[in-house]
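*Asks:* One letter stands for each residue in the lines below.
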Amino acid sequence: MSFYGYERAGGLIGSRNHVLLLSVMDNVNPAVRAASQIVPGVVPVTPEFGRGHVGEDKELRRRTLAGLCTSPNVYGVVLVSLEPKEAEPLSQAAVQAGKDVETVVMGDCNGVLDAIYRIAFAASRMRIAASALPRSETSLAGVCIGMECGGSDGTSGIVSNPLLGLVADRVIDAGGTVIFTETTEVVGAEDLVAERATSPAVATAIREAVQTVEAFGLAGGPGFFGANPVPDNVVGGLTTIEEKAIGAIAKSGSRPINGFLHSGERYTEPGLYYMDSTPPAMESMAALVAAGCNVILFSTGQGNPSGSPLAPTLKISANAGTVNRLRDAIDVDICDVLDGKASMDAGAERVIEAMLAVMNGKLTWSEATGFTDVSISRLGPSL
Amino acid sequence: MKRVLRLHEKDNVAVALDELQAGDEVIVVSDLELHQSDLHLHVTQHIPFAHKVALQPMSQHDTAYKFGLPIGRITAAVAAGEHVHTTNLESNRGRSN
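These protein sequence lines are chains A and B, in that order.
Following my numbering, the numbering of the first sequence begins with 471 at its first residue and continues without gaps.
Following my numbering, the numbering of the second sequence begins with 3 at its first residue and continues without gaps.
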């Protein structure tokens with residue numbers, strides 16, 4: 471399985487060559503948005519919050535934003551910050567990863583319009599530099615696939631996720647890396663996941679992550695009811711979190727799980743990883759990209775059209791109603807597998823072919839329509 | 003003929019691969035690629051596409067099995083061929099009561 475990717479430092483391969491405009495904190499978001507309206511073809515990322523974070527919450531944000539800056543799909547980054555100190559760790563991480571980096575500090579600018587100009591100038595210069603970079607033929611070793619599910623329904627656990635599991639097995643066997651996540655949606659299936667861990671440390675980390683989430687859900691009073699499964703899951707036929715989870719983890723395939731990652735933590739060696747992150751797609755996709763994913767395979771039943779702006783996100787569905795209705799959001803139709811007219815293997819081949827085409831540069835629907843965003847999870851309030 | 007999918011021999015619920023109406027006679031398959039089965043089911047309620055239908059009668063407190071694994075407990079008696087969902091099935095996890 472070969473494709474043409476961008477060679478990055480450390481043997482990593484990019485499937486995209488993005489110029490990222492990143493707000494370090496939300497009080498400069500308007501400047502980043504305005505600059506991205508002036509300069510076409512750049513990726514503005516303007517998450518909320520960013521000031522007054524403490525402890526684990528602060529580390530989660532730093533790790534996730536650093537991971538976005540150092541993504542193998544990113545050519546360079548223009549960091550935008552109110553003051554210089556908060557931008558420093560991100561700038562250092564990006565430079566260490568061999569990225570083209572500039573920082574625009576509002577405090578050094580003569581007003582907001584001046585800041586917008588400086589961001590736009592840096593962005594356009596970077597666009598030119600990025601465009602000169604060629605793609606080279608490469609293999610799947612050195613790339614990382616993120617497995618995600620959203621808008622799940624009764625088709626997800628019986629078709630789409632097991633089919634993604636076959637894809638995961640093939641990617642791992644080809645020397646690539648696969649990361650799956652969404653810890654709430656392991657509740658009820660944690661034994662199935664933990665028993666595949668290659669070390670007791672990984673198994674323990676997985677179980678503890680699930681225990682922490684379950685305890686949090688119980689402490690709030692009504693437990694998971696109304697929170698997960700979400701209303702569209704229920705409309706689509708999923709009744710309990712256990713049912714949803716057993717179906718969800720099928721997308722990780724059957725290979726042993728070599729490692730455990732915290733949310734947004736970058737993987738080290740190739741292999742299959744479990745990452746502890748929250749399920750909602752915008753947050754978990756941001757965490758997958760920060761962890762190093764080049765492309766995201768996203769199964770959906772009822773239809774969740776959202777994608778990542780940095781890692782092309784392919785939507786796969788076996789729900790014919792959804793595929794017909796969301797004409798501008800589903801990338802791979804596997805309804806024929808549900809109907810028994812095509813095998814799981816044939817469906818997996820179709821997904822792999824689509825994935826390789828996307829990694830070569832073909833756009834996904836969410837890239838083409840711009841239906842992408844980034845959310846960074848919070849663990850506590852801003853002080 | 004309309005099909006429902008029983009994923010594992012331990013399962014007491016199956017997944018509707020077509021939308022089912024009350025009165026439908028369906029076949030119970032163990033694999034998506036199968037279109038014939040000796041196992042039939044008489045459906046007595048409307049079962050939306052991809053929802054669950056009971057393969058056998060179940061009593062309150064029984065465990066519902068899908069994928070060969072427990073997915074929750076039955077909270078109200080269910081007859082074979084009836085819809086299994088939020089009115090008669092609840093989670094055993096993430097509960098506070």
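Hint data in this document are derived by calculation from the structure and do not stem from the laboratory.
Each residue gets a CB set at the ideal place from its N, CA and C atoms; glycine is no exception.
Take the hints with a grain of salt, since some may be wrong.
[Unchecked claim] Per label pair, the in silico range of CB-to-CB distance:
id, chain 1, residue 1, chain 2, residue 2, range
1, B, 10, A, 678, 22 to 32 Å
2, B, 62, A, 849, 50 to 60 Å
3, B, 33, A, 598, 37 to 47 Å
4, B, 82, A, 705, 46 to 56 Å
5, B, 63, A, 670, 53 to 63 Å
6, A, 511, B, 64, 23 to 33 Å
[What the hints assert, rightly or not] Just a sample of chain B residues kept apart from chain A, beta carbon distances all over 10 Å, derived:
id, residue
7, 11
8, 18
9, 27
10, 30
11, 37
12, 46
13, 52
14, 53
15, 57
16, 59
17, 62
18, 72
19, 87
20, 92
21, 93
22, 94
[What the hints assert, rightly or not] Result set (SDA-like, lysine to any residue): computed pairs, CA atoms no more than 25 Å apart in a straight line:
id, chain 1, residue 1, chain 2, residue 2
23, A, 811, B, 82
24, A, 528, A, 843
25, A, 811, B, 64
26, B, 12, A, 701
27, A, 811, B, 72
28, A, 811, B, 87
29, B, 4, A, 806
30, A, 811, B, 37
31, B, 4, A, 566
32, B, 12, A, 809
33, B, 4, A, 795
34, A, 811, B, 58
35, A, 811, B, 59
36, A, 811, B, 33
37, A, 811, B, 41
38, B, 12, A, 852
39, A, 555, A, 811
40, A, 811, B, 76
*Asks:* Against each hint, give a clear statement of whether it holds in the structure.
*Replies:* Checked hints:
Here the CB-CB span from residue 10 of chain B to residue 678 of chain A is close to 29 Å, well matched to the stated 22 to 32 Å. Separated by about 39 Å at the C-beta atoms, residue 62 of chain B and residue 849 of chain A break the suggested range of 50 to 60 Å. With their beta carbons about 55 Å apart, residue 33 of chain B and residue 598 of chain A fall outside the hinted range of 37 to 47 Å. As the Cβ distance of residue 82 of chain B to residue 705 of chain A is approximately 24 Å, the hint placing it in 46 to 56 Å is violated.
Range check, residue 63 of chain B to residue 670 of chain A: about 35 Å between beta-carbon atoms, so the 53 to 63 Å window is missed. About 58 Å separates the C-beta atoms of residue 511 of chain A and residue 64 of chain B, a value inconsistent with the hinted range of 23 to 33 Å. With 10 Å as the threshold on Cβ separation, the claim that residue 11 of chain B sits away from chain A holds: the shortest Cβ distance comes to roughly 16 Å. Its beta-carbon lying about 8 Å from the closest one in chain A, residue 18 of chain B breaks the requirement of being farther than 10 Å from that chain.
Taking the minimum C-beta to C-beta distance to chain A, about 18 Å, the non-interface status of residue 27 of chain B holds against the 10 Å cut. For residue 30 of chain B, the non-interface assignment is confirmed: its Cβ lies about 14 Å from the closest Cβ of chain A, beyond the 10 Å cut-off. Not every Cβ of chain A is farther than 10 Å from the Cβ of residue 37 of chain B; the closest lies at roughly 6 Å, contradicting the non-interface assignment. Interface exclusion of residue 46 of chain B from chain A stands, the closest Cβ pair being 18 Å apart, more than 10 Å.
Interface exclusion of residue 52 of chain B from chain A breaks down, the closest Cβ pair being 3 Å apart, not more than 10 Å. Look at residue 53 of chain B: its CB is around 4 Å from the nearest CB on chain A, not clear of 10 Å, so calling it non-interface is violated. Taking the minimum C-beta to C-beta distance to chain A, about 15 Å, the non-interface status of residue 57 of chain B holds against the 10 Å cut. Separation of residue 59 of chain B from chain A is adequate, the least Cβ-Cβ distance of about 18 Å exceeding the 10 Å criterion.
Every Cβ of chain A is farther than 10 Å from the Cβ of residue 62 of chain B; the closest lies at roughly 16 Å, confirming the non-interface assignment. Its beta-carbon lying about 7 Å from the closest one in chain A, residue 72 of chain B breaks the requirement of being farther than 10 Å from that chain. At roughly 5 Å, the least C-beta separation between residue 87 of chain B and chain A is not larger than 10 Å, which violates its mark as non-interface. Not every beta carbon of chain A lies more than 10 Å from that of residue 92 of chain B, the smallest distance being close to 7 Å; the non-interface claim is violated.
With a cut of 10 Å on Cβ distances, residue 93 of chain B falls inside the contact zone with chain A, its closest approach being about 4 Å. Non-interface call for residue 94 of chain B relative to chain A: violated, since the shortest CB-CB distance, roughly 7 Å, does not exceed 10 Å. Among the hinted pairs, residue 811 of chain A with residue 82 of chain B is inconsistent with the structure: their alpha-carbon atoms are about 28 Å apart, more than 25 Å. Taking the CA atoms of residue 528 of chain A and residue 843 of chain A, the gap is near 21 Å; set against the 25 Å cutoff, the hint holds.
Restraint check for residue 811 of chain A and residue 64 of chain B: not satisfied, since their Cα atoms lie roughly 35 Å apart, outside the 25 Å limit. The suggested pairing of residue 12 of chain B with residue 701 of chain A is violated, with an alpha-carbon distance near 28 Å, which exceeds 25 Å. Between the alpha carbons of residue 811 of chain A and residue 72 of chain B the distance comes to roughly 30 Å, so the proposed pair goes past 25 Å and is violated. Pair hint residue 811 of chain A plus residue 87 of chain B does not hold up; C-alpha atoms about 28 Å apart against a cutoff of 25 Å.
With a C-alpha separation of about 15 Å, the suggested pairing of residue 4 of chain B with residue 806 of chain A holds against the 25 Å cut-off. In summary, the hint linking residue 811 of chain A to residue 37 of chain B is supported, as the alpha carbons are separated by about 10 Å, within the 25 Å threshold. For a cut-off of 25 Å, the pair hint linking residue 4 of chain B to residue 566 of chain A is broken: about 59 Å separates their Cα positions. For the hint linking residue 12 of chain B to residue 809 of chain A, the alpha-carbon distance of about 23 Å falls within 25 Å, and the restraint holds.
The suggested pairing of residue 4 of chain B with residue 795 of chain A holds, with an alpha-carbon distance near 23 Å, which does not exceed 25 Å. This hinted pair does not check out: residue 811 of chain A and residue 58 of chain B have alpha carbons roughly 28 Å apart, beyond 25 Å. Distance hint between residue 811 of chain A and residue 59 of chain B is unfulfilled; the C-alpha atoms sit about 32 Å from each other, more than 25 Å. About 12 Å separates the Cα atoms of residue 811 of chain A and residue 33 of chain B, which keeps this hinted pair within 25 Å; it holds.
Note on residue 811 of chain A and residue 41 of chain B: the hinted pairing holds, with a Cα-Cα distance of about 21 Å set against a maximum of 25 Å. Taking the CA atoms of residue 12 of chain B and residue 852 of chain A, the gap is near 49 Å; set against the 25 Å cutoff, the hint is violated. Taking the CA atoms of residue 555 of chain A and residue 811 of chain A, the gap is about 59 Å. The hint is violated against a cut of 25 Å. Among the hinted pairs, residue 811 of chain A with residue 76 of chain B is inconsistent with the structure: their alpha-carbon atoms are about 34 Å apart, more than 25 Å.
The structure does not agree with the numbered hints 2, 3, 4, 5, 6, 8, 11, 13, 14, 18, 19, 20, 21, 22, 23, 25, 26, 27, 28, 31, 34, 35, 38, 39, 40 stated previously, though it agrees with the rest.
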